[in-house]
Amino acid sequence: MSTPKLDSLFRIEASRESNGRAQCDVRALPGQVAPTTFSLTAAVDITLVRAVSTTVQPPQEMNGTAELNVTYLRQPIGTAHVDCEVTAQSDTVRLVDFTVSDADGVLARGRGTYAMTVQRTRHQ
Amino acid sequence: MNTQFIELIRDWKSHPLLVELDVSVTELSPGRALLTLTRNTTNVAGVRNSINGGVQAAVAEIAAHLATSTLLEQGDQIEFTQDLSISYLYSVRATTTLIDAKVLRQGRLTVVDVEILVGDEDEDSGRLNAKVRVTCSLGRRPSKSVVTK
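Same order as they appear, the protein sequences are chains A and B. The first sequence begins at 1 in this note's numbering and counts up by one. The second sequence begins at 125 in this note's numbering and counts up by one.
Please keep in mind that the hints were generated in silico from the structure rather than gathered at the bench. The beta carbon of each residue, even a glycine, is placed where N, CA and C say it ideally should be. Mixed in with the good hints, there may be bad ones.
[Claimed, not checked] Rough simulated footprint, nothing fancy, chain B against chain A, three-plus residues with beta-carbon under 8 Å:
hint	segment
1	3-16
2	70-79
3	92-104
Working from the sequences, and respecting the hints, build out all of it.
Listed below in structure tokens is the structure:
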């Protein structure tokens, strides 16, 4: 999943994704010392989608995020790291657990549900 | 528009995220913030040519902070978002989208209900696209007075 404009806007960098897992770093917006939780919330959804994209097997197709729940334990300090992992899956759903951390450790945890569809082949 | 919050609106209008995402403050009153998000080449980055889910969640969080800001007492501040839950119901493909944030509970933990709706210009005007609940942690601003021994 490529979202270069949003990556730039929310300062999402160094994205890595493979085998049901995606990670990125989120830097502070210009004039700020740490990323805002708005940026982290956006980064979590974007990274979650990237993690799901590595698990798609035709005829499955990506349909969209259904639910996202994030709990922040504290404000971030400096650059934050988002780590999303697909922890359970079916033909119609991907369950993604994620952690947001910084130099002081974990600052947020959460879970997302991503909806999938299965492309039906038409019989002639 | 309630003139009581002109300064607050001015602060948020200049927020780079809101400018780039084409978000404007439409209505602000005690305990409520109504924002308008207009489709542009930055915010459309989701499946089926829709507005990105991360953008929706981020703007909902901003709207919740703005609604909370209208009720802050002297010396109080929003420390951080403690919890955010969003249920995406439909893809957001309208020309304009409304983000309507209403404070449900005011206190050290302030709970805000946010609805993401199809804007007035579209056929499905008023349809609920996503439902969000945001909990904000409030605190006191550090006192400027310095205590010396």
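**Q.** Those earlier numbered hints the structure runs against, lowest number first
**A.** 3
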